[in-house]
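Undergrad: Residues per chain, in single letters:
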Amino acid sequence: MRLTAEEKKMLRGDLGGAVQEALQLQFEVGKFFGAKRFVPVSNVHMMGDIEVMGDSGKSFLERAAQSGAKCRQPTTTNARCIDFAHVEHLKQDANEARKEKELIACLRKMDVITADTCINYQTLYQPHLGEHVAWGDTGTVIYANSVFGARSNFEAGPAALAAGLTGRVPEYGFHLDEHRRGTFQVNLKADLNDLADWGTVGRIVGSGHQDYYAVPVFTGIKRSPTADELKQLGAALASYGSMGMFHMVGVTPEAPTLKAAFGGRKPKEVMTVSNRDIEKVYAGYDKQGNPLNLVVFSGPQQSLLEMKTLADLLNGRRVHPGSQLFITTSNGVKSAARELGYLQKIEASGATVLEGVCFYILQNLPQMRVREGWSNLVTNSAKLANIIGAHKFNTILRRTAECIDIACSGRDVR
Amino acid sequence: MSKSAKAGKTIRVNRAFGDIVEGEALVSTEGFSPRYDLDRWSGLISRPGHALEGHNIKGKILITPSAKGGIAAGWAFYDIQNKGIAPKAFVFGVTNPVMVQGAVFAGITITEGWSSSPYDQIRTGDIVRVDPGKKTLTLVRRGSQ
Numbered sequence: 001m002r003l004t005a006e007e008k009k010m011l012r013g014d015l016g017g018a019v020q021e022a023l024q025l026q027f028e029v030g031k032f033f034g035a036k037r038f039v040p041v042s043n044v045h046m047m048g049d050i051e052v053m054g055d056s057g058k059s060f061l062e063r064a065a066q067s068g069a070k071c072r073q074p075t076t077t078n079a080r081c082i083d084f085a086h087v088e089h090l091k092q093d094a095n096e097a098r099k100e101k102e103l104i105a106c107l108r109k110m111d112v113i114t115a116d117t118c119i120n121y122q123t124l125y126q127p128h129l130g131e132h133v134a135w136g137d138t139g140t141v142i143y144a145n146s147v148f149g150a151r152s153n154f155e156a157g158p159a160a161l162a163a164g165l166t167g168r169v170p171e172y173g174f175h176l177d178e179h180r181r182g183t184f185q186v187n188l189k190a191d192l193n194d195l196a197d198w199g200t201v202g203r204i205v206g207s208g209h210q211d212y213y214a215v216p217v218f219t220g221i222k223r224s225p226t227a228d229e230l231k232q233l234g235a236a237l238a239s240y241g242s243m244g245m246f247h248m249v250g251v252t253p254e255a256p257t258l259k260a261a262f263g264g265r266k267p268k269e270v271m272t273v274s275n276r277d278i279e280k281v282y283a284g285y286d287k288q289g290n291p292l293n294l295v296v297f298s299g300p301q302q303s304l305l306e307m308k309t310l311a312d313l314l315n316g317r318r319v320h321p322g323s324q325l326f327i328t329t330s331n332g333v334k335s336a337a338r339e340l341g342y343l344q345k346i347e348a349s350g351a352t353v354l355e356g357v358c359f360y361i362l363q364n365l366p367q368m369r370v371r372e373g374w375s376n377l378v379t380n381s382a383k384l385a386n387i388i389g390a391h392k393f394n395t396i397l398r399r400t401a402e403c404i405d406i407a408c409s410g411r412d413v414r
Numbered sequence: 001m002s003k004s005a006k007a008g009k010t011i012r013v014n015r016a017f018g019d020i021v022e023g024e025a026l027v028s029t030e031g032f033s034p035r036y037d038l039d040r041w042s043g044l045i046s047r048p049g050h051a052l053e054g055h056n057i058k059g060k061i062l063i064t065p066s067a068k069g070g071i072a073a074g075w076a077f078y079d080i081q082n083k084g085i086a087p088k089a090f091v092f093g094v095t096n097p098v099m100v101q102g103a104v105f106a107g108i109t110i111t112e113g114w115s116s117s118p119y120d121q122i123r124t125g126d127i128v129r130v131d132p133g134k135k136t137l138t139l140v141r142r143g144s145q
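Protein chains in written order, with my numbering: chain R, 1 to 414; chain B, 1 to 145.
What the hints contain is simulated information worked out from the structure, not anything from laboratory work. Keep in mind it's a predicted model, so treat the numbers as computed, not measured. Backbone N, C-alpha and C define an ideal beta-carbon position, used for all residues, glycine too. Incorrect hints may have been included.
To be verified - Derived SDA-like pairs: lysine to any residue, alpha-carbon spacing no greater than 20 Å straight-line: (1) B:88 with R:28; (2) R:31 with B:132; (3) B:88 with R:56; (4) R:70 with R:6; (5) R:392 with B:42; (6) R:58 with B:85; (7) B:83 with R:55; (8) R:392 with B:50; (9) R:36 with B:15; (10) R:31 with B:14; (11) R:58 with B:84; (12) R:99 with B:83; (13) R:392 with B:41; (14) R:392 with B:51; (15) R:392 with B:55; (16) R:268 with B:94; (17) B:58 with R:54; (18) B:134 with R:33; (19) R:392 with B:39; (20) R:287 with B:47; (21) R:31 with B:136; (22) R:31 with B:114; (23) R:392 with B:54; (24) R:58 with B:83.
Unchecked claim - Just a few of them, taken from the derived set where beta-carbon distance is under 10 Å, the chain B residues facing chain R: (25) 17; (26) 49; (27) 80; (28) 99.
Stated by the list, open to error - So these bits of chain B aren't anywhere near chain R, every CB distance computed over 12 Å: (29) 20; (30) 56; (31) 117.
Throw the hints in and build the complete structure from the sequences for me.
TA: Encoded structure:
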């Protein structure tokens with residue numbers, strides 16, 4: 001890799017041990033992927049919470065913070081695993097909550113903005129076409145690349161922090177034009193009227209193409225999709241397919257035409273997703289004879305518009321006795337929802353709204369599942385339906401209004 | 001499984017990082033995620049229905065076709081390394097940057113891509129060697145099974 005004079009200084013340790021270690025990590029990763037140089041980044045988004053990093057990651061961060069290391073570029077944090085207002089209610093471990101607080105203090109010491117949201121692209125920062133960023137949480141990366149035309153690879157916690165400390169990333173993957181072109185075409189012949197339908201498309205397309213460098217090009221779109229719909233599509237493509245980018249002809253900035261989306265190359269494959277394909281996915285979920293007593297809207301966190309939809313759907317209704325409804329969002333969105341009266345409508349139903357967290361990384365979730373007698377988890381997020389499996393939940397994907405009906409009746413509507 | 005595969009048989013890998021390691025192969029036909037598939041307290045593959053459900057990755061050379069989702073791998077590899085339950089190496093068909101960043105951060109050997117399919121030549125329990133410098137995966141000897 002070609003290094004600038006400043007990068008050579010960093011690598012020598014002239015800018016401190018933490019910066020040196022950070023650039024060494026980035027250098028090795030760059031070498032692995034054949035990067036020729038580093039590119040500056042303007043914004044960093046990192047995952048760093050106690051459930052994900054454990055005691056060893058916390059010790060690493062504490063050492064870095066104690067050395068006086070500071071982020072050179074604005075660095076925000078992804079959803080964490082504890083909402084401190086709900087530790088007792090959820091019977092989470094007080095010791096882990098204390099560690100999470102210490103971790104937050106440590107990140108702030110390094111000038112990290114602990115916003116704790118996985119929808120930074122909706123609430124915090126919207127990069128422009130061609131802007132290099134270093135984002136973590138796969139859903140944020142695929143949104144940055146696809147919808148904004150910004151450039152980021154998946155940057156895991158330590159790698160994103162390294163980018164924050166050095167202000168750069170090795171240039172490989174989606175920072176390069178060659179990896180941003182479409183590789184296969186997906187003709188959408190489905191109506192896609194609910195967020196869950198978009199996630200289902202992500203599941204169908206992602207499951208069949210588990211490859212970071214597979215870039216689907218969607219065609220046949222019947223109407224302009226909303227930000228929340230693209231969020232669900234992207235999150236599911238990244239979750240099921242490990243994908244970091246998609247194009248949608250006439251919608252996303254690097255796909256004004258089909259030809260532009262493929263950059264002159266031919267699609268390796270053309271597939272179609274129909275209403276029947278979508279219905280088949282919904283029909284494939286089975287409650288296995290167990291109660292439908294847990295409904296979750298999370299993964300990604302809810303936007304203000306989604307909060308309004310949920311408030312409208314829940315207005316005057318009550319969560320079924322013995323059932324629980326969880327909604328996760330950011331502190332900013334929750335505050336706005338309170339101002340607007342959406343939060344009160346949601347909470348009056350008996351639902352729990354958690355801030356700054358994502359459901360699937362909640363501290364103590366496996367113990368919570370056993371204690372609460374949860375077997376099934378109903379959600380409108382295809383991503384959540386995928387990733388929560390590690391905690392031994394049986395998941396059931398349903399459309400948004402159906403999820404609310406299940407929460408209020410305890411019965412599947414299908 | 002090819003019966004002709006013998007000890008000393010070498011597969012080339014496309015990209016590699018880390019120290020030379022030798023150990024027992026754990027061969028999966030299914031992709032891997034430390035977030036979705038692994039119990040990060042025991043090292044057991046815990047996701048119901050995973051091709052390796054019930055196997056432990058500790059000290060193994062994990063051969064798997066692909067990486068699945070999940071930014072959390074970056075911290076998870078460091079976490080399992082510090083808990084003493086990390087594998088000796090990850091040998092991926094295709095991977096994503098998270099796995100590489102995580103492995104480099106944790107100091108675990110990792111490779112991507114192969115010149116010929118290891119599934120025809122290596123089975124779980126065989127002793128294999130990964131040499132990142134030479135970019136090779138070698139069958140050292142057959143396992144006892």
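Undergrad: Would you mind marking each hint as holding or not holding in the structure?
TA: We went through each hint and held it up to the structure:
Using a Cα cut-off of 20 Å, the hinted pair residue 88 of chain B and residue 28 of chain R holds, with the two alpha carbons roughly 18 Å apart. A threshold of 20 Å between alpha carbons decides the hint, and for residue 31 of chain R with residue 132 of chain B the separation of about 12 Å falls inside it, so the pair holds. Between the alpha carbons of residue 88 of chain B and residue 56 of chain R the distance comes to roughly 19 Å, so the proposed pair stays at or under 20 Å and holds. Simply put, residue 70 of chain R and residue 6 of chain R have alpha-carbon atoms about 17 Å apart, close enough for the 20 Å limit, and the pair holds.
Proposed proximity of residue 392 of chain R and residue 42 of chain B is supported: the alpha carbons are some 16 Å apart, at most 20 Å. Restraint check for residue 58 of chain R and residue 85 of chain B: satisfied, since their Cα atoms lie roughly 18 Å apart, inside the 20 Å limit. The hinted pair formed by residue 83 of chain B and residue 55 of chain R meets the criterion: a straight-line CA distance of about 10 Å does not exceed 20 Å. Between residue 392 of chain R and residue 50 of chain B the alpha-carbon distance is near 12 Å, which keeps this suggested pair within the 20 Å criterion.
For the given pair, residue 36 of chain R sits about 15 Å from residue 15 of chain B by alpha-carbon distance, which is consistent with the 20 Å threshold. For the suggested pair residue 31 of chain R and residue 14 of chain B, the alpha carbons sit about 12 Å apart, so the restraint of at most 20 Å is met. Restraint check: the Cα-Cα separation between residue 58 of chain R and residue 84 of chain B comes to about 17 Å, which is no more than 20 Å; the hinted pair holds. Using a Cα cut-off of 20 Å, the hinted pair residue 99 of chain R and residue 83 of chain B holds, with the two alpha carbons roughly 18 Å apart.
Proposed proximity of residue 392 of chain R and residue 41 of chain B is supported: the alpha carbons are some 15 Å apart, at most 20 Å. Proposed proximity of residue 392 of chain R and residue 51 of chain B is supported: the alpha carbons are some 16 Å apart, at most 20 Å. A threshold of 20 Å between alpha carbons decides the hint, and for residue 392 of chain R with residue 55 of chain B the separation of about 16 Å falls inside it, so the pair holds. In summary, the hint linking residue 268 of chain R to residue 94 of chain B is supported, as the alpha carbons are separated by about 17 Å, within the 20 Å threshold.
Under the criterion of a C-alpha separation no larger than 20 Å, the hint pairing residue 58 of chain B with residue 54 of chain R is consistent with the structure, at around 18 Å. With a C-alpha separation of about 16 Å, the suggested pairing of residue 134 of chain B with residue 33 of chain R holds against the 20 Å cut-off. Restraint check for residue 392 of chain R and residue 39 of chain B: the C-alpha separation of about 11 Å stays at or below 20 Å, so the hint holds. Taking the CA atoms of residue 287 of chain R and residue 47 of chain B, the gap is near 18 Å; set against the 20 Å cutoff, the hint holds.
Taking the CA atoms of residue 31 of chain R and residue 136 of chain B, the gap is near 17 Å; set against the 20 Å cutoff, the hint holds. Taking the CA atoms of residue 31 of chain R and residue 114 of chain B, the gap is near 18 Å; set against the 20 Å cutoff, the hint holds. The straight-line distance between the Cα atoms of residue 392 of chain R and residue 54 of chain B is roughly 14 Å, inside the 20 Å bound, and the hint therefore holds. Proposed proximity of residue 58 of chain R and residue 83 of chain B is supported: the alpha carbons are some 14 Å apart, at most 20 Å.
Residue-level restraint check for residue 17 of chain B holds (minimum Cβ-Cβ distance to chain R is 5 Å; threshold 10 Å). A least Cβ separation of about 8 Å between residue 49 of chain B and chain R falls short of the 10 Å threshold, and the interface hint therefore holds. Taken as an interface hint, residue 80 of chain B checks out: its beta carbon lies about 9 Å from the nearest beta carbon of chain R, inside 10 Å. Residue-level restraint check for residue 99 of chain B holds (minimum Cβ-Cβ distance to chain R is 8 Å; threshold 10 Å).
At roughly 16 Å from the closest C-beta of chain R, the C-beta of residue 20 of chain B stays outside 12 Å, upholding its exclusion from the interface. No beta-carbon of chain R is positioned within 12 Å of the beta-carbon of residue 56 of chain B; the least distance is around 16 Å. Residue-level check passed: residue 117 of chain B sits 16 Å from the nearest beta carbon of chain R, beyond 12 Å.
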